[in-house]
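Using the hints, position chain L against chain A.
Protein chains: 2
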Amino acid sequence: MTKLQTAQTATVSPSAQKMLAGFKYFNLPRFIKITPRLINRIRTQFQSGEDPIEQSLIKDGNLTTTTLALNDVTGIRITGASVNEDGPVILNIHGGGFIMGTARERTALLAATETPFPVYSVDYDLAPEAQAPQIVNQVLSFYRGLIETVGNRPIVMMGSSAGSGIAAAVVEQAHAQGLRLPAAMVLFCPALDVSGNGDSSIFNEKRDVGSAKMALRLAKAYIGANDQKSPIVSPMYGEVGDWFPATFMSTGTRDIMLSNVARFSEKLRHADVEVTAVIREGMWHGFNWEPKLPEAVETRQAAWQFIKQHVGETL
Amino acid sequence: MTKLQTAQTATVSPSAQKMLAGFKYFNLPRFIKITPRLINRIRTQFQSGEDPIEQSLIKDGNLTTTTLALNDVTGIRITGASVNEDGPVILNIHGGGFIMGTARERTALLAATETPFPVYSVDYDLAPEAQAPQIVNQVLSFYRGLIETVGNRPIVMMGSSAGSGIAAAVVEQAHAQGLRLPAAMVLFCPALDVSGNGDSSIFNEKRDVGSAKMALRLAKAYIGANDQKSPIVSPMYGEVGDWFPATFMSTGTRDIMLSNVARFSEKLRHADVEVTAVIREGMWHGFNWEPKLPEAVETRQAAWQFIKQHVGETL
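Chains as they are written, first to last, in the UniProt record's numbering: chain A, 1 to 315; chain L, 1 to 315.
To be clear, the hints were calculated from the coordinates, so they are not data collected in a lab. Be aware that one or more of the hints could be misleading.
As the list makes no split between identical chains, a pair holds if one copy fits it or if it spans any two.
Stated by the list, open to error - Below, computed lysine-lysine pairings styled on DSS-like, alpha-carbon distance capped at 25 Å:
#: 1; residue 1: Lys-3; residue 2: Lys-206
#: 2; residue 1: Lys-18; residue 2: Lys-229
#: 3; residue 1: Lys-229; residue 2: Lys-33
#: 4; residue 1: Lys-292; residue 2: Lys-18
#: 5; residue 1: Lys-59; residue 2: Lys-292
#: 6; residue 1: Lys-292; residue 2: Lys-3
#: 7; residue 1: Lys-213; residue 2: Lys-3
#: 8; residue 1: Lys-267; residue 2: Lys-308
Chain A with its partners taken away, still in its complex shape (with noise of 0.2 Å):
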């Protein structure tokens, strides 16, 4: 990562200029060719990363997690201690890069730590054992359960990243089947566009945290046979219009992805759908998931706020 000057750490809280001088930039050269074997071992090394840290936040949190299958489709279900149990329930759609990752991500997690909803999360296959089109149908069989599931209770859709990316997918198959849409969508860092194209895949390449190219090289795993701008895999290029839910979602300057985050809200606001975006200054991609740092507990309470005006319900 390219090292930082003044004018740039003045602008983050202390805990981000702490972070971001510490990154190690991720990459992988070309010539490493992109196996399954490989994908296998960076899931390990991430999960293994990933474990205390989700096992310290549900100690934290006085998280009760739950698994359960809907529709077949396995997830979990997390509650905290004041969940409130006949509000709004939140689906959530993790982030990895499609490759990596699981339901008990910490954005599931701290949803269900700061807020009253209970939180189901989905445990999708992962890329390249499945592909796109799987993967989508899997996220929609489990939104069909929850639908059931729930009843009348309005259902938020929230997604990191690859997740974000597999949200905007799922709303609109649901819609084009004529499935009750969610509430509201909280799409943090989207991955809504696999094709490598935006500003932000250039100008943040090597600034943020990882490489855009990487993220593209790996996304091949998902997209498969699929072409990159099939709204499928790139829901960026779908038919959207003002059925489309009501969407927060958020980015950072330094965010591979911030480009989607704008061309994504441009697309919304064109078809009259309600957008916030929050672009936070100096945040990188996936900064939104940090439990303490001051700018990603700030956006969360931006989303969990947008939720409340959307569903009536009081935090």
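For chain L alone, coordinates are given in the frame of chain A:
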């Protein structure tokens, strides 16, 4: 300006692609001293380019312009053929890096063309002949005069670039003095921090149409003896509360001032002020004043829509 890659041109309009390809990057080499004489030459050159454009905007928009003085501060009043003389009015504060530009600038003319609102645009003295406190006070006097002139009609304060910085400083002053505040603010590509702080003053250097470093050097003529972070010159550092008017801001991913929008949005949100931030893919500093560029037209429409929502006027 750095050459654009396909991933970057694919996401902007054909007109924007053409403009981006044709831009001549504007910078002043370090060894050139910024003298009043040089500033005068920049002004003359700038205005000779603007004059024919302004004249054709007046003609095409069938606009009437009348010079006026409010509390001894001069300005112009611009109205279109279908002006509404009972509704809200716009107070425009022109851009031009504090050292150039006039009240007749494009943004004022376009607002009078695209909305039914009469536009009052103030001709504040320019730097280095005048400096920050004097300029802010002039605009404040003009604003006071406008309140007396329009009575109960809502006033929307609008600025571009340097003008947005002045606008925010004026509102902070107006609040401190107990004046009636504008009903809403529209801040295009706002210069809210002349200290140079901000991620985008680094990452968009050489990506925008002009240099951030040069803009800061020119702003010194405006800052004078003030601290660069004094709220009078950098309203980013001012005290804001929920009294601050609902604010629309716009910027682009190439704008050297993008970080101002990111940071000021957070500041306002934190103070419980309603804020809409539009960040347009691939757009540069000041793109909003292009008469026909689709991205600019849409951004202005979003601003007029925001005004409509906050003053209850049908456009």
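Hint by hint, here is what the structure shows:
1. In this assembly of identical chains, Lys-3 and Lys-206 lie within 25 Å of each other by CA distance both inside one copy and across copies; the values are 10 Å within and 18 Å between.
2. For the identical chains of this complex, Lys-18 and Lys-229 are inter-copy neighbours only, at 24 Å across copies versus 37 Å inside a copy, given an alpha-carbon limit of 25 Å.
3. In this homomeric assembly, Lys-229 and Lys-33 come within 25 Å of each other (Cα to Cα) only inside a single copy, at 24 Å, whereas the closest approach across copies is 50 Å.
4. Taking the closest pair of Cα atoms, Lys-292 and Lys-18 come within 25 Å of each other only inside a single copy of the chain (13 Å); across copies the shortest separation is 44 Å, beyond that limit.
5. Taking identical chains as interchangeable, the C-alpha atoms of Lys-59 and Lys-292 lie at most 25 Å apart only when both belong to the same chain, with a minimum of 15 Å there against 57 Å between chains.
6. Proximity of Lys-292 and Lys-3 under a CA criterion of 25 Å is satisfied intra-copy only: 24 Å inside one chain copy versus 39 Å between copies.
7. Proximity of Lys-213 and Lys-3 under a CA criterion of 25 Å is satisfied in both settings, with 20 Å inside one chain copy and 18 Å between copies.
8. With identical chains, the CA atoms of Lys-267 and Lys-308 are at most 25 Å apart both within one copy (24 Å) and between copies (21 Å).
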